[in-house]
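Participant: The lines below spell out each chain.
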Amino acid sequence: MLASTLLHRACTVTTRTDSGSTDDYGNPTDAETSLTTVCDLQQQQRTEPGAQGELSDTRWLLILPPGTEITTRSTVTVDDIVYEVIGDPWTAHLHGRPTHVEATLRRTGA
Amino acid sequence: MIPDAEKTISSYLRDHPDVSALSTRIVGKTPPATAEPWVRVTELDAPAAAASRADHLISFLVQLDVYAGATGGQPEAKTHARTIRAALHAMPGVHDETVVTQVRVIGWLRAPDPDFEPARDRVIITASVIAHEAPA
Numbered sequence: 001m002l003a004s005t006l007l008h009r010a011c012t013v014t015t016r017t018d019s020g021s022t023d024d025y026g027n028p029t030d031a032e033t034s035l036t037t038v039c040d041l042q043q044q045q046r047t048e049p050g051a052q053g054e055l056s057d058t059r060w061l062l063i064l065p066p067g068t069e070i071t072t073r074s075t076v077t078v079d080d081i082v083y084e085v086i087g088d089p090w091t092a093h094l095h096g097r098p099t100h101v102e103a104t105l106r107r108t109g110a
Numbered sequence: 001m002i003p004d005a006e007k008t009i010s011s012y013l014r015d016h017p018d019v020s021a022l023s024t025r026i027v028g029k030t031p032p033a034t035a036e037p038w039v040r041v042t043e044l045d046a047p048a049a050a051a052s053r054a055d056h057l058i059s060f061l062v063q064l065d066v067y068a069g070a071t072g073g074q075p076e077a078k079t080h081a082r083t084i085r086a087a088l089h090a091m092p093g094v095h096d097e098t099v100v101t102q103v104r105v106i107g108w109l110r111a112p113d114p115d116f117e118p119a120r121d122r123v124i125i126t127a128s129v130i131a132h133e134a135p136a
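Residue numbers (the numbering used here), protein chains in the order written: chain A, 1 to 110; chain B, 1 to 136.
If we strip away everything but chain A, and leave its shape as in the complex, we get:
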């Protein structure tokens, strides 16, 4: 309901999963799947960490259509800018029906 009427920004959700192999250091390598959808993106916080010069650190609220596959291992690309998902997203409900998915995003650096 909400998604179909209010979400207009194009975005790509890229979700990492274990590929089953490891790199030279023994770290699991990622396999990526991408999903193009619509969203809304709102900035919630902006700061600069101490002792890091002018390093930008921003947090964002992402709203996606209900049922969108996204996890804490996902990244979201909006207008060619890549954001990292922080924590598992949440599906909001109204009268028992899912209305949208909310995710917290973080972007550091320019």
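Treat the hints with caution; some may be incorrect.
Distance ranges between label pairs, derived from CB positions [unchecked claim]:
1. THR22(A) with PRO114(B): 20 to 30 Å
2. THR79(B) with SER34(A): 21 to 31 Å
3. THR5(A) with LEU44(B): 49 to 59 Å
As a list, the in silico SDA-like pairs of lysine to any residue whose alpha-carbon atoms are at most 25 Å apart [said to hold, decoys possible]:
4. LYS78(B) with GLY20(A)
5. LYS78(B) with LEU22(B)
6. LYS29(B) with GLY20(A)
No lab work stands behind these hints: they were computed from the structure. Note that this is a predicted model, so its numbers are computed, not measured. Idealized CB from N, CA, C, for every residue including glycine.
Starting from the known structure of chain A, arrange chain B on it as the hints suggest.
Facilitator: Using the frame of chain A, we list chain B on its own:
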């Protein structure tokens, strides 16, 4: 005056062919644009070296934070750090206004930086650099 170790080390590393081939940046503070790799050089201490007359031979303690770029990960951080370390060991000699008499790496820590999301791969090198001002 005592030498400017940060300036001397940064200039030396920028001009070193093996380091310049890495396309990393040698800086004094974290750059705003962090997609490409960089090395942050910080003086931690600068006491007079033992047995030196006051403030002639200085024992600099220098930290080099060797960062990978956004996509380089652990392999890039390690390769850059090993290259920087090798360059440091070749540093003793005359560098403009500074004479470096000895460089010894005394610390080596792989510590991803959690100020970034995801945590950015980084190797922290701590080096002892013995130096004095070049004679006029």
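Participant: Now, for every hint given, state plainly whether the structure supports it.
Facilitator: Status of the hints after comparison with the structure:
A beta carbon spacing of about 23 Å between THR22(A) and PRO114(B) agrees with the range 20 to 30 Å that was offered as a hint. With their beta carbons about 29 Å apart, THR79(B) and SER34(A) fall inside the hinted range of 21 to 31 Å. Take THR5(A) and LEU44(B): their Cβ atoms lie about 57 Å apart, and the range 49 to 59 Å holds. Among the hinted pairs, LYS78(B) with GLY20(A) is consistent with the structure: their alpha-carbon atoms are about 24 Å apart, no more than 25 Å.
With a CA separation close to 12 Å, the supplied pair LYS78(B) and LEU22(B) stays within the 25 Å bound. At roughly 38 Å between alpha-carbon atoms, LYS29(B) and GLY20(A) are farther apart than 25 Å, so this suggested pair is violated.
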